[in-house]
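Undergrad: For what it's worth, this note's numbering labels the leading residue of the sequence shown as 508, then goes sequentially.
Check the hints yourself; a few may be wrong.
Once the Cα atoms are required to be at most 25 Å apart in a straight line, the calculated SDA-like pairs of lysine to any residue come out as [what the hints assert, rightly or not]:
(1) K534 - R558
(2) K861 - S616
(3) K752 - S582
(4) K527 - C827
(5) K534 - R555
(6) K777 - E788
(7) K752 - G717
(8) K527 - P829
Cβ pair distances, simulated, as ranges [what the hints assert, rightly or not]:
(9) H769 - N644: 43 to 49 Å
(10) R558 - E698: 20 to 26 Å
(11) Q696 - R661: 33 to 39 Å
Hints in this document: simulated from the structure, not taken from any laboratory.
Cβ atoms here follow ideal geometry from the backbone N, Cα and C, with glycine treated the same way.
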Amino acid sequence: MPLPAWLEWRQRAIVNNMIKEIHEEPKVLQTFLAEGAKDVHEVARVIRSKRYRMIYLTGSGTSYHAGLAGQFAFSTLTAYVTSLIPASELPQWIPSGRQKSLLIAISQSGESSDVLAASEAALNRNIDVLAVTNTSNSSLAKIAQHTILTRCGRELAVTATKTYVAQLAALYLLSLECGKARRTAGYGQLEQGLYNAPRMVAETIRSLDGQMCTLAEVHHLQNFFFLLGSGPNYATALEGALKLKEACNIFAEGFASREFLHGPIQLVDKNTTVFFLLTDEQMATSLGEVKSVRGFGAPVISVCDKMDKELKEASDELVCVPSFPKVFSPMIYIIPLQLFAYYSSVARGLNPDKPEKLSKVVK
508 MPLPAWLEWR QRAIVNNMIK EIHEEPKVLQ TFLAEGAKDV HEVARVIRSK RYRMIYLTGS
568 GTSYHAGLAG QFAFSTLTAY VTSLIPASEL PQWIPSGRQK SLLIAISQSG ESSDVLAASE
628 AALNRNIDVL AVTNTSNSSL AKIAQHTILT RCGRELAVTA TKTYVAQLAA LYLLSLECGK
688 ARRTAGYGQL EQGLYNAPRM VAETIRSLDG QMCTLAEVHH LQNFFFLLGS GPNYATALEG
748 ALKLKEACNI FAEGFASREF LHGPIQLVDK NTTVFFLLTD EQMATSLGEV KSVRGFGAPV
808 ISVCDKMDKE LKEASDELVC VPSFPKVFSP MIYIIPLQLF AYYSSVARGL NPDKPEKLSK
868 VVK
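Let the sequences and hints guide you as you build the complete structure.
TA: Okay, structure coming up:
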């Protein structure tokens with residue numbers, strides 16, 4: 508008896524680096540939280556002592572999306588005013604350092620020309636630079652006053668996966684440490700939740716691998732994808748869309764959920780698959796949007812952290828992830844999207860490791 512198509516893809520696909528690196532994410536997180544925490548604690552101590560008035564974050568592509576999720580965490584857990592600026596735009600936007608400011612420059616390679624130019628522009632304006640990178644001897648690490656290494660090991664696939672979740676872990680732990688003085692409600696639970704991330708990510712991969720492969724079989728020939736998220740998972744929507752573009756040559760766009768109603772919803776039809784990324788508290792308020800989109804003929808896949816009967820009935824497919832602190836939830840919600848992008852790429856006969864027009868480092 509022949510194997511189902513999706514199972515054949517899984518067996519054929521396991522040779523690809525992208526899926527291997529997705530499955531390495533729990534170990535990567537465990538290593539960073541065990542070995543990198545000391546560095547983060549020291550950097551946070553310096554940040555607190557310098558009393559920065561402004562913290563900028565920058566990056567490109569996946570690193571920019573990590574910065575967006577990081578900005579949400581800093582805004583939620585600390586008293587710092589934060590601003591995220593794309594690396595290629597930062598030299599034109601960042602003001603002179605009249606106030607004591609810090610730039611958190613995020614780059615897995617530490618060699619992105621845009622991130623390096625942004626960091627140089629900051630230094631020229633008397634703004635301190637903290638590098639978040641996977642490469643200890645990189646150009647970025649050399650020019651920054653401080654460095655947090657994400658300790659992922661080499662990432663071979665151009666489509667970044669494990670380095671993204673490690674960047675999230677670094678920024679989340681830094682925001683927790685910088686916000687220690689505030690001791691916001693539930694601080695201990697948040698800290699415990701973050702240190703549980705390796706186990707929760709492993710559980711998510713294990714429980715959703717088969718489902719996302721099956722969904723890829725159904726949806727991989729769709730023409731358009733929209734991914735909608737709110738709060739911290741606005742960043743997840745953007746990153747998930749980028750993975751579909753890179754790995755699958757699919758037109759995909761991420762939006763803040765309510766912003767999608769201000770124009771883009773006009774593009775929805777039966778050839779458009781829409782992902783909704785919903786935490787427990789967002790389900791009730793987003794149910795109307797889910798029904799509206801499906802009413803226009805679009806298949807709807809809802810990713811949520813709680814089984815909800817109404818949402819299940821309103822969606823074509825419900826993807827349940829483990830419950831996790833909302834501020835850190837992008838670490839969990841990105842997993843089904845990475846898996847879906849991977850299996851969709853394989854189903855379309857592509858190599859997700861090496862998109863033909865992309866390179867690992869943009870110079």
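Undergrad: What are the numbers of the hints that this structure violates, sorted from low to high?
TA: Of the numbered hints, 1, 3, 5 and 6 do not hold.
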